Amino acid sequence: MSEPASPQVPPADASTEPAPPARFDTLPLDPKLIRAVADSGYLTMTPIQAKAIPIVLQGRDVMGAAQTGTGKTAAFSIPLLQRMLKHENPSVSPARHPVRALVLAPTRELADQVAENVKKYAKHTQLRSVVVFGGVDMKPQTAALKAGVEVLIATPGRLLDHIEAKNCVLNQVEYVVLDEADRMLDIGFLPDLQRILSFLPKQRQTLLFSATFSPEIKRLAQSYLQDPILVETARPNQTASTVEQRFIAATDDDKRAIIKQILKERSIRQAIVFGNSKLGVARLARAFERDGLRTAALHGDKSQDERLKSLDAFKRGEMDVLVATDVAARGLDIADLPAVFNFDVPFNAEDYVHRIGRTGRAGASGLAVTLVTKSDARLIADIEKLIKRKIELDTFEVAPERPRYDRRPRDEGVEREDRPVRVAPPALRAPVKSADPFFDKPYEASTRDEPPAWEKAKAAAPVKGLSSYIKPKKQVAALFGAKKPAPAES
DNA sequence: AAAAAAC
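Residues in the first sequence are numbered from 1 upward in steps of one, following the UniProt record's numbering.
Please note: incorrect hints may appear among the correct ones.
Okay, the calculated beta carbon distance ranges per label pair [to be verified]:
| id | residue 1 | residue 2 | range |
| --- | --- | --- | --- |
| 1 | Lys139 | Asn171 | 42 to 50 Å |
| 2 | Arg35 | Ala165 | 33 to 41 Å |
| 3 | Asp253 | Gly157 | 26 to 34 Å |
| 4 | Gly280 | Arg378 | 13 to 21 Å |
| 5 | Lys309 | Asp253 | 47 to 55 Å |
Listed next, the in silico DSBU-like pairs over lysine-lysine satisfying Cα-Cα at most 35 Å (straight line) [stated by the list, open to error]:
| id | residue 1 | residue 2 |
| --- | --- | --- |
| 6 | Lys123 | Lys390 |
| 7 | Lys119 | Lys32 |
| 8 | Lys309 | Lys166 |
Because the hints were derived from the structure by calculation, they are not lab data. Note that the coordinates shown come from a computational prediction; the quantities given were computed from them, not determined experimentally. In this text, a Cβ means the ideal position worked out from N, Cα and C, and glycines have one as well.
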């Protein structure tokens with residue numbers, strides 16, 4: 001059971017309080033849209049919505065950068081629907097309904113989610129939408145396309161399939177949206193994207209949205225836009241201020257124990273744990289499962305059916321933990337997610353921003369914990385640079401685990417029965433490595449050639465704990481009869 | 001060092 005939301009209110013910091021947020025019903029929108037927005041429970045606009053919607057309504061191209069979880073989907077779908085309603089083209093025979101708006105997303109789940117939102121906002125209108133993505137039967141998609149849709153939401157691969165099968169014609173597209181635009185423009189997606197864009201009319205309105213835009217991507221994006229307006233709220237590449245970000249020095253052996261302990265000590269209802277590889281994620285999910293956590297896994301080696309089931313079960317609260325690759329890093333809106341863990345430090349700093357953006361959405365508070373090993377020094381430096389924040393590494397002492405069952409093979413002649421055998425995990429027989437002060441100094445983004453900063457800090461730094469989590473040192477020492485040796489001084 | 005997206 002989840003605890004009642006804590007009544008704590010952030011300290012009043014009225015110094016930078018801007019004008020009260022504008023309401024949706026002040027916008028020049030069709031009553032059908034106003035009604036749909038009201039139905040969905042939204043009253044006032046987020047900053048990105050307040051800035052972007054009027055510009056999209058003017059018909060301008062937009063590059064929109066806003067923090068994660070601030071309503072970018074509504075920022076483009078509502079004004080696009082409005083434009084489609086306003087410019088309902090009577091010259092097009094009712095029998096022919098060409099695709100007028102195309103929204104592209106980098107993952108199937110995200111495409112699905114965007115489609116749900118579009119449907120929600122379009123529900124009182126005649127505009128029809130459909131989503132197409134891979135991993136599922138093409139036939140229902142084909143039928144829907146042939147019946148005619150005004151708004152098409154898609155992932156690139158399957159859309160190309162439909163184009164080649166002549167299931168849809170895109171030469172009447174008036175509006176294009178690239179959701180998670182920087183990802184869509186990256187090297188892995190670019191060829192498919194260019195191919196798709198080649199089927200579209202040159203004369204169109206194009207919208208690019210993401211929480212992160214690197215300077216290179218910004219430059220590249222210019223070539224797909226006409227006289228665009230850059231809409232930014234706050235600084236780009238930023239993480240929500242409501243998310244508590246922690247970086248903890250760990251070893252590969254400690255990581256899972258640290259996560260479990262934090263979940264327990266903070267009574268965290270649900271969390272996403274990100275890993276860098278599909279195999280690693282699958283293994284980690286099985287391990288959490290063995291630990292008794294209700295665990296769902298989400299990665300590209302799973303069937304689409306399994307992927308959707310995992311995500312749904314997690315969203316419904318039937319799972320404690322969702323272990324995922326970066327397929328879940330972007331865009332996914334999971335209401336009230338209290339915490340995100342990075343079991344692995346992401347390879348791209350941008351993905352760090354997106355991953356932790358799954359928590360602290362819509363102004364809620366959230367916790368983001370990244371587990372850092374020695375070999376992650378470079379990646380941490382990249383993240384520091386991107387989010388323009390000094391990263392300090394906390395240390396963490398893992399509480400002793402309950403006795404484990406003996407896993408030694410039978411032929412060792414060990415009594416196996418149900419008798420638990422105390423097998424101290426290697427990391428706990430000696431003082432745990434993560435409690436070593438080597439990581440304790442504020443980490444300095446160092447150059448490759450220099451020894452990393454923690455090497456220098458190793459000898460001198462006192463252990464500074466993550467006070468809210470840390471176990472009293474005594475407890476560990478008492479249980480394992482190990483005392484922390486003085487730093488080797490030779 | 002990877003993941004994602006088509007069959």
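Do the hints match the structure? See the list:
1. The hinted window of 42 to 50 Å between Lys139 and Asn171 is violated, with their beta carbons roughly 24 Å apart.
2. Separated by about 37 Å at the C-beta atoms, Arg35 and Ala165 satisfy the suggested range of 33 to 41 Å.
3. Hint check: Asp253 to Gly157, Cβ distance near 39 Å, so the stated range 26 to 34 Å is violated.
4. Separation of Gly280 from Arg378 is about 19 Å and conforms to the stated range, judged on CB atoms against 13 to 21 Å.
5. A beta carbon spacing of about 31 Å between Lys309 and Asp253 contradicts the range 47 to 55 Å that was offered as a hint.
6. Between Lys123 and Lys390, the direct Cα distance comes to roughly 46 Å. Violation of the 35 Å bound is thereby established for this hinted pair.
7. Among the hinted pairs, Lys119 with Lys32 is consistent with the structure: their alpha-carbon atoms are about 13 Å apart, no more than 35 Å.
8. A hinted pair counts as satisfied when its Cα atoms are at most 35 Å apart, and Lys309 with Lys166 qualifies at roughly 31 Å.
Violation of the numbered hints given earlier is confined to hints 1, 3, 5, 6; the remaining hints are satisfied by the structure.
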